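Using the hints provided, position chain Y relative to the given structure of chain X.
One line per chain: the protein sequences are X and Y, in this order. Residues in the first sequence are numbered from 15 upward in steps of one, following our numbering. Residues in the second sequence are numbered from 27 upward in steps of one, following our numbering.
In case anyone wonders, no lab produced these hints; they're calculated from the structure. Quick caveat: nothing in here was measured; it's all calculated off a predicted structure. There may be inaccurate statements among the hints.
[As the list claims (entries may be wrong)] Straight-line Cα separation of at most 27 Å, BS3-like style, residue types lysine-lysine; simulated pairs:
no., chain 1, residue 1, chain 2, residue 2
1, Y, K305, X, K130
2, X, K220, X, K201
3, Y, K230, X, K33
4, Y, K230, X, K30
5, X, K91, X, K79
6, Y, K305, Y, K100
7, Y, K230, X, K291
8, X, K160, Y, K100
9, Y, K305, X, K160
10, Y, K53, X, K201
11, X, K220, X, K291
12, X, K201, X, K130
[As the list claims (entries may be wrong)] The following residues of chain Y were derived to be distant from chain X, with all beta-carbon distances above 12 Å:
no., residue
13, R104
14, L111
15, V114
16, S231
17, P288
18, L333
We put the beta carbon where it would ideally sit given N, CA and C, even for glycine.
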Amino acid sequence: MSVASKQKTSYFESVKVRKRISQTIVTIILILGSLLILSPVWWMFATSVKSMGEIMQFPPTFIPKEWHFKNYIETWKAAPFTRYLFNTLLITLCVVIGNVLSNSFIAYGFAKIRFKGRNVLFAVVLATMMIPGFVTMIPHYIMYSKIGWLNTYLPLILPSFFGSAFNIFLIRQFYLGVPNELIEAAKIDGASHVYIWSRIMIPLAKPAIATVAIFSFNGAWNDFLGPLLYINDDTLYTLQLGLQVFKGQLDTQWNYLMAGSLLVLLPVIIIFFIFQKYFIEGMNLTAGSKG
Amino acid sequence: MQTEIHKEAGARSKVRKSSKRMTLEQKDGLNGYIFIAPWLIGFLILTAGPMLFSLYSSFTNYDVTSRMDFIGLKNYVRMFTQDDLFWVSLGNTLYYVAISVPLTTIGAVLLAVLLNQGVPGMRLFRTIYYLPAVLSGVGVYLLWMQLLNPDSGLVNTVLSWFGITGPAWLFDPNWTKPALIFMKLWSVGGGMLLYLASLQGVSKSLYEAAEMDGANTFQRFRHITLPMITPVIFFDLVTSFIGGFQVFQEAYVMTQSGTGGPANSLVFFNLHMFNKAFKSFDMGYAMAMSWILFIIVLILTVINLKLAPRWVHYEGDVPK
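Bound conformation, chain X alone (with noise of 0.2 Å):
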């Protein structure tokens, strides 16, 4: 072996073993700033599962000494949370609903079909997205009002059903990596453009779609303001809404607040952990279109 080729190996070697400490130090980081990201989590657990004794002692516990799992069913059983479960799940089931069908049928529109004025409108759905919600936030109360909607859920689902600015963009961006051949092929064979809609694109662009939905929900689920303009009638209050009236009701009960608010993510959780290939595709779709 020559000696250029010997120290060509001891340079490339003195590459790996520095590659591997800066590999060593940036997962020891990410560890300690995964604990960090973590310890609200498990605090949130740890204190629901307390007594109010064991959570005013000083300097509070870390891991409880005593599990009292029957918090949850205290806390379950101290507000008709059953009853906002149930509209909650109503709400949220209309919404995702709403917002797949209208965003893939508006999303075709603007991808697969020429016609005049389509490049300014869309513009338009994008410029949209500039628009802070809070702008047309008293004039939707007004109107609603003026129509007798509030105390109902139609200001809730409704809207969703008109499309929104960043669904439509996400399912139109998919659309396009959809060949134009296939729906020509399609036409020639005498489909519809609604046919062409229902039976080739929904199928072909699911990983979209179960994207817009997912974000759906947790929109739906987590939505306050909307309920706490509309809606009066306790019978008819959501999760949040009653989570809201809970905290007031219980001041400093913090083992009951937090079963609550543990209850109530819960289900977004769940749904994370099952779907998130769904949440990492709809970033890749919109930070592939801004790259």
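Below, chain Y without anything else, positioned relative to chain X:
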């Protein structure tokens, strides 16, 4: 090139069946409008109409029930000269935006770069860091009220391990906004995911070439990574500014139904507007406020767009 071929093909087919093509195109045009009709109707009824109504109402003393008299610029004059809380709310909001937006952006970029180093378990880390970003609503605000509780909360407990006496957070006017910014930073994983997606699109050969030329880690970040993700940073900044100015729910839930916290330190612009609209039913005034917010956001977005060509790098640009 490809578009040229397409055009050519299109022209050829046009010649072949020019008469039939016209009707097809017209029919297609109608179909196009049918497909976008839900959006168009929604845009007119839920966006354009309400905005016009709001703009007009901002020049009236509208109160939903009885009166709607045109009063010219009086709402705006009152806002700027007589409403002290307006300035407080604007100041609080600017403070929140000016600190939380850069911090979350920098944090998200750094986290994405760390995750992109090819460490084992990247997918697991990605899941963990992203989790808080999907959590929102009252449950999260309650959680943070507990975490930041001066006596029994986690944050001050951890600080006490290092001999630091933590502040009273949500009870101390100097610490309420930092508290909310910490809460915001917890969900930094949302932006991280966006940057990570964009980083994974950066060609490995660029880094290899730079390494051969002796570029160190920082230089590679500064001259390869950063320029490649500037379009995403730009997108993130624009949307974070718009979102940041709309901070409302956390302040409403975490301060006894919108009372604004100690010494009005959490009266954000939208909270003040919400109280004006739905507590004192000063609707005309509240709508005037919403237009001021809209104008501020619009100006910032335009500045962002104007500055973009100076620092945002799009692939295909001639390198400078």
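Can you confirm whether the C-alpha distance between K220 (chain X) and K291 (chain X) stays at or below 27 Å?
holds, 12 Å
Is K91 (chain X) close enough to K79 (chain X), meaning Cα to Cα at most 27 Å?
Roughly 24 Å between the alpha carbons, so the hint for K91 (chain X) and K79 (chain X) holds.
Does K100 (chain Y) lie within 27 Å of K160 (chain X) when you go C-alpha to C-alpha?
holds, 26 Å
Can the restraint linking K220 (chain X) and K201 (chain X) be considered satisfied, given a maximum Cα separation of 27 Å?
holds, 22 Å
Are K53 (chain Y) and K201 (chain X) close enough, with their CA atoms no more than 27 Å apart?
The hint holds at about 13 Å.
12 Å cut-off, C-beta based - S231 (chain Y) kept clear of every residue in chain X:
holds, 17 Å
If you draw a straight line from the CA of K305 (chain Y) to the CA of K130 (chain X), is it 27 Å or shorter?
violated, 46 Å
Mind checking the alpha carbons of K230 (chain Y) and K33 (chain X) for me, to see if they're no more than 27 Å apart?
holds, 16 Å
Take a quick look at whether K230 (chain Y) and K30 (chain X) sit within 27 Å of each other, Cα to Cα.
Holds. K230 (chain Y) to K30 (chain X) sits at ~17 Å (cutoff 27 Å).
Is the nearest CB of chain X more than 12 Å from the CB of L333 (chain Y)?
Per Cβ check, L333 (chain Y) is outside 12 Å of chain X; nearest 16 Å; holds.
Consistency of the no-contact label for P288 (chain Y), given chain X and a CB cut of 12 Å:
Correct as stated: the minimum Cβ-Cβ distance to chain X is 17 Å, above 12 Å.
12 Å cut-off, C-beta based - V114 (chain Y) kept clear of every residue in chain X:
Label holds. Min Cβ-Cβ 18 Å, cutoff 12 Å.
The structure fails to meet hint 1 from the earlier list, while all remaining hints are met.
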